[in-house]
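**Student:** Chain residues, written in single-letter form:
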Amino acid sequence: MSAVIEVDGLTKSFGDVQAVNGVSFTVERGELLGFLGPNGAGKTTTINMLTGLARPDAGTISIAGIDCTRNPKAAQHLIGVVPDESNLYPELTGFGNLCFCGALYGMSRKDREERARELLALFSLAEAADRKFAGYSRGMKRKLTIAAGIIHRPEILFLDEPTTGIDVASARQLRQLVEGLHREGTTIFLTTHYIEEAERLCERIAFIVRGRIVRIESVAELMQPVQDRHAVLVSVAEPDPALAEKLAPACPDCEITAAGPAQVRVESAGPISVAPLVRFLDDLGFDVVEARKMHPSLEDVFVRITGIEADAMRKEREKPGGGKVDAA
Amino acid sequence: MKQWIAFCSILGKDTRSYYLKPPNISWGIVFPLAWTSMFFIRSGAGLEDIMSLLPGVVAVSVLFGTTSLLAVTVTFEKKGRSFERLLLAPISLELLMLAKTSGAILFGIVNAAVPIIMAAFLADLSQVQWGLAVPAIVLIAVASTFLGLFIAVSVSEVFEAQTFSNFFRFPMIFLCGLFFPIANLPVFLRPLSYALPLTYGADLLHGAFEGAMTMAPVLNFVLLGLFCLVLFGLSLHNIRRKWIV
Numbered sequence: 001m002s003a004v005i006e007v008d009g010l011t012k013s014f015g016d017v018q019a020v021n022g023v024s025f026t027v028e029r030g031e032l033l034g035f036l037g038p039n040g041a042g043k044t045t046t047i048n049m050l051t052g053l054a055r056p057d058a059g060t061i062s063i064a065g066i067d068c069t070r071n072p073k074a075a076q077h078l079i080g081v082v083p084d085e086s087n088l089y090p091e092l093t094g095f096g097n098l099c100f101c102g103a104l105y106g107m108s109r110k111d112r113e114e115r116a117r118e119l120l121a122l123f124s125l126a127e128a129a130d131r132k133f134a135g136y137s138r139g140m141k142r143k144l145t146i147a148a149g150i151i152h153r154p155e156i157l158f159l160d161e162p163t164t165g166i167d168v169a170s171a172r173q174l175r176q177l178v179e180g181l182h183r184e185g186t187t188i189f190l191t192t193h194y195i196e197e198a199e200r201l202c203e204r205i206a207f208i209v210r211g212r213i214v215r216i217e218s219v220a221e222l223m224q225p226v227q228d229r230h231a232v233l234v235s236v237a238e239p240d241p242a243l244a245e246k247l248a249p250a251c252p253d254c255e256i257t258a259a260g261p262a263q264v265r266v267e268s269a270g271p272i273s274v275a276p277l278v279r280f281l282d283d284l285g286f287d288v289v290e291a292r293k294m295h296p297s298l299e300d301v302f303v304r305i306t307g308i309e310a311d312a313m314r315k316e317r318e319k320p321g322g323g324k325v326d327a328a
Numbered sequence: 001m002k003q004w005i006a007f008c009s010i011l012g013k014d015t016r017s018y019y020l021k022p023p024n025i026s027w028g029i030v031f032p033l034a035w036t037s038m039f040f041i042r043s044g045a046g047l048e049d050i051m052s053l054l055p056g057v058v059a060v061s062v063l064f065g066t067t068s069l070l071a072v073t074v075t076f077e078k079k080g081r082s083f084e085r086l087l088l089a090p091i092s093l094e095l096l097m098l099a100k101t102s103g104a105i106l107f108g109i110v111n112a113a114v115p116i117i118m119a120a121f122l123a124d125l126s127q128v129q130w131g132l133a134v135p136a137i138v139l140i141a142v143a144s145t146f147l148g149l150f151i152a153v154s155v156s157e158v159f160e161a162q163t164f165s166n167f168f169r170f171p172m173i174f175l176c177g178l179f180f181p182i183a184n185l186p187v188f189l190r191p192l193s194y195a196l197p198l199t200y201g202a203d204l205l206h207g208a209f210e211g212a213m214t215m216a217p218v219l220n221f222v223l224l225g226l227f228c229l230v231l232f233g234l235s236l237h238n239i240r241r242k243w244i245v
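Residue numbers (my numbering), protein chains in the order written: chain H, 1 to 328; chain U, 1 to 245.
With the rest of the complex left out, here is chain H:
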């Protein structure tokens, strides 16, 4: 494999805010790389710089050997972009939007009409082909936006938060479509704040926090440190901020951390017996409502490396107005 995207020392600030700070990475041909991070981490700003919608303050970008730092337009025929918000034309139909997007890439009328019909069928939108985009549901809009991004069969696809804000069924279908594109050999650069999505789809993941990549490795490599670890999640009825400290004597070799107001997470390099933990807490007067063994996940790795709680990241995104802050 050869690197099709090469980024070195990419930096961008908006006034006093350092949105992206010395980001460097490569994406191999046919690879699916995920950019995982919270709001304001610099994901969208990075995509904007890679696609020519923003100018870097410093650093270099090369796409398929073309220096895009100096001439961002030069590689635009090779890339497809699916922005974080659907940006098609509300007054055009689904079919009309796809044909228009095809024409922007110089496709002939026959080619773009055939391809539009093919994509509408693939994305289960054939019945809505003649309806105006303004009348589409959120999930349908997302699907059509992805279809518009690949109408010209790009070698490289940039997907910015593809499943944010849509229902479970649509998100599932979109992930399957992304997997399909990846299998067909499309190089995909995907940003997401959904850890499960990144774990499921991506071959390599970059954790980005406050404009810096703090780790970039394959999923297997990222999981390596936690693979042999054992974990138990204990929940009690009444919240107690000192719960972790109080449980510490019950398992001196364990790493005990608060997982919530009434939850602790007990981790160890060896197997953990649940019964003694429950008995210990019971003796201290706690009402243990649940104790279950956990399989270490990418979420654990993310939290361990970035120090950001995954729940907080999810809630931040889902609250009203929790949109982008990193893109101008």
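Since the hints were derived computationally from the structure, they do not count as laboratory data.
Be aware that a few hints might be false.
[Said to hold, decoys possible] Far from chain H, by Cβ distances over 10 Å, these chain U residues were calculated:
hint	residue
1	24
2	27
3	41
4	120
5	123
6	135
7	155
8	162
9	164
10	180
11	196
12	217
13	219
[To be verified] Once the Cα atoms are required to be at most 27 Å apart in a straight line, the calculated DSS-like pairs of lysine-lysine come out as:
hint	chain 1	residue 1	chain 2	residue 2
14	H	293	H	246
15	H	110	H	132
16	U	242	U	79
17	H	73	U	2
18	U	2	H	110
19	U	79	H	73
20	U	21	U	79
21	U	242	H	73
22	H	132	U	79
23	H	73	H	110
24	H	132	U	21
[To be verified] Stretches of chain H that chain U covers, calculated by requiring three or more beta carbons in the stretch to come under 8 Å of a beta carbon on chain U:
hint	region
25	47-54
26	88-98
27	103-115
Just so we're clear, the structure is a prediction, and the values are computed from it rather than from any experiment.
The beta carbon of each residue, even a glycine, is placed where N, CA and C say it ideally should be.
Please build the complex by placing chain U on the supplied structure of chain H, with the hints as guidance.
**Tutor:** What follows is chain U alone, placed relative to chain H:
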């Protein structure tokens, strides 16, 4: 070839989405009609004075038709982020903006035709120098459109575009010599008149319709063309500076 497919598609989409919409067609007819009637009634003139009113009405129709629509449509697409889709297309920014403005230029030319067609039923237009009138109308449409583009890329909200347009349009109508000769303006306002593109278009139209020009036609065309280049260049500069940040 691929770039021209994109160019024609942008022009075609804008024409269908904006310029051929019934409200805009009626705007294109009603507005020139209203201006013609207004000046006709106000001047108390008879049908024999139509030729002296026609340059003003034609120019104003073009100016308002182009700036009103372009300032709004570009701002609207930028606000709705669909303009990003155009910026991501593999076509040069120059060609992209020419495609976006071509529809408005054509709309302006059609707007100019409305009062001329109406005048044809009321007056003898056989003395009109069409060789001068047609290129003048085209250049006024181009200059007005690029002024609309300059306004559109200088603001971020649609209402700002409307307000900012009027900041340019209304003073221009009264300072460009269309309805009052520049020589009759107060001395301190005259330099301002010569800083307006419509002044040179108005002079050309006066020449074409009434045979009375104050400047050489070549000079008028060159200066009007220069305004077009400067406004287009400034708009591109603003897009690169403000929209590709």
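**Student:** Determine for every hint whether it applies to the structure shown.
**Tutor:** Hint check results:
1. 24: At roughly 13 Å from the nearest Cβ of chain H, residue 24 (chain U) sits farther out than 10 Å, so the non-interface label holds.
2. 27: Its Cβ never comes within 10 Å of chain H, the nearest being 18 Å, so this holds.
3. 41: 38 Å, holds
4. 120: Consistent with the label, residue 120 (chain U) stays out of reach of chain H, its closest Cβ about 35 Å off (over 10 Å).
5. 123: Its Cβ never comes within 10 Å of chain H, the nearest being 40 Å, so this holds.
6. 135: 31 Å, holds
7. 155: 16 Å, holds
8. 162: Given a closest Cβ separation of 20 Å, the condition holds.
9. 164: Since the minimum Cβ distance to chain H is about 22 Å, residue 164 (chain U) lies beyond 10 Å and the statement holds.
10. 180: 42 Å, holds
11. 196: Non-interface label stands for residue 196 (chain U): nearest chain H Cβ at 34 Å, farther than 10 Å.
12. 217: Holds, because the least Cβ-Cβ distance between residue 217 (chain U) and chain H comes to about 39 Å, which exceeds 10 Å.
13. 219: Its Cβ never comes within 10 Å of chain H, the nearest being 37 Å, so this holds.
14. H:293 - H:246: 20 Å, holds
15. H:110 - H:132: At roughly 22 Å apart (the allowed maximum being 27 Å), residue 132 (chain H) and residue 110 (chain H) satisfy the hint.
16. U:242 - U:79: Within the cut-off at roughly 13 Å; holds.
17. H:73 - U:2: 14 Å, holds
18. U:2 - H:110: 14 Å, holds
19. U:79 - H:73: 22 Å, holds
20. U:21 - U:79: Given that 27 Å is the threshold and the Cα spacing comes to 21 Å, the pair holds.
21. U:242 - H:73: 17 Å, holds
22. H:132 - U:79: Within the cut-off at roughly 19 Å; holds.
23. H:73 - H:110: 26 Å, holds
24. H:132 - U:21: Holds. Residue 132 (chain H) to residue 21 (chain U) sits at ~16 Å (cutoff 27 Å).
25. 47-54: The restraint on the region 47-54 of chain H holds, since 4 of its residues have a Cβ under 8 Å from chain U and three suffice.
26. 88-98: n = 5 at 8 Å, threshold three: holds.
27. 103-115: Coverage by chain U holds here, the residue count being 6 at a Cβ distance below 8 Å.
Checked against the numbered hints listed earlier, the structure breaks none of them; every hint is satisfied.
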